[in-house]
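Just so you know, the protein sequences line up as chains B and Z, in that order.
Counting along the first sequence from 1, when you hit position 76 you're at 304 in the numbering used here, and nothing is skipped either side.
Counting along the second sequence from 1, when you hit position 109 you're at 111 in the numbering used here, and nothing is skipped either side.
None of these hints come from the bench; they were simulated from the model.
A few of these clues could be false.
As the list claims (entries may be wrong) - In silico BS3-like links for lysine-lysine, alpha-carbon gap of 25 Å or less:
(1) B/LYS307 to B/LYS297
(2) B/LYS270 to B/LYS296
(3) Z/LYS11 to B/LYS331
(4) Z/LYS16 to B/LYS287
(5) Z/LYS72 to Z/LYS59
(6) Z/LYS11 to Z/LYS73
(7) B/LYS331 to B/LYS307
(8) Z/LYS73 to B/LYS331
(9) B/LYS297 to B/LYS270
Residue-level listing of the chains:
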Amino acid sequence: EDQVTQSPEALRLQEGESSSLNCSYTVSGLRGLFWYRQDPGKGPEFLFTLYSAGEEKEKERLKATLTKKESFLHITAPKPEDSATYLCAAASGGGADGLTFGKGTHLIIQP
Amino acid sequence: NAGVTQTPKFRVLKTGQSMTLLCAQDMNHEYMYWYRQDPGMGLRLIHYSVGEGTTAKGEVPDGYNVSRLKKQNFLLGLESAAPSQTSVYFCASSYRWTLTGLSGNTIYFGEGSWLTVV
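When you get a sec, could you build the whole thing from the sequences and use the hints?
Put into structure tokens, the structure is as follows:
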């Protein structure tokens, strides 16, 4: 059974305080690892897709990395507008064509 | 460009009633998906479709039916609603998977439909 586990469940940071969110996955044949941002009352908003170990992608203050067992979302010098729930999801080659999601990390950036 | 549009946004049903959620996408995507999101559970795949006229079961399909009569639309039906189906439902769409990855590299989500069954 495909599993995606995110940690921590919640994280509170001061503005400018860098940190990392973790996503560990167990899937049969990883086809892709996805990161989304979700604001309250909204649908998930796409951030990154990673396909192979060693791959990295960046967007503004966010950087996603991938190893064979986990992915990290690094947040550098965050601002209050980065507050959201960050979702990690894996696409497996062994099952349905959808994504298996983690439960998310609720990030709060205090001014 | 509207992307993925879901209707209705909010609905309250009585136990045993039926209803249909409509999802429409204007990106000419082959794949469409229905997820539900519950507190502490994350997003879970209900049903999906890899093309017009096709449907397949996801992780939590019981109590739901789907249809994809047109490429741009994906309908999710509840035949006899139960309180356990109270949830937020998200529709999503994407291009298809290839040997090198997901065409377009992303799956787009709608804004959600809040369903309460009393």
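These are the hints, each one checked on the structure:
Proximity of B/LYS307 to B/LYS297 is assessed by CA-CA distance (about 29 Å); at most 25 Å being required, the pair is judged violated. With a C-alpha separation of about 31 Å, the suggested pairing of B/LYS270 with B/LYS296 is violated against the 25 Å cut-off. This hinted pair checks out: Z/LYS11 and B/LYS331 have alpha carbons roughly 23 Å apart, not beyond 25 Å. Our distance criterion of 25 Å between C-alpha atoms is broken by Z/LYS16 and B/LYS287, whose separation comes to about 45 Å.
The straight-line distance between the Cα atoms of Z/LYS72 and Z/LYS59 is roughly 18 Å, inside the 25 Å bound, and the hint therefore holds. Between Z/LYS11 and Z/LYS73 the CA atoms are separated by roughly 22 Å; this keeps the pair inside 25 Å, and the hint holds. A threshold of 25 Å between alpha carbons decides the hint, and for B/LYS331 with B/LYS307 the separation of about 23 Å falls inside it, so the pair holds. Restraint check: the Cα-Cα separation between Z/LYS73 and B/LYS331 comes to about 30 Å, which exceeds 25 Å; the hinted pair is violated.
Restraint check for B/LYS297 and B/LYS270: not satisfied, since their Cα atoms lie roughly 29 Å apart, outside the 25 Å limit.
In this structure, the earlier hints numbered 1, 2, 4, 8 and 9 are contradicted, and the remaining ones agree with it.
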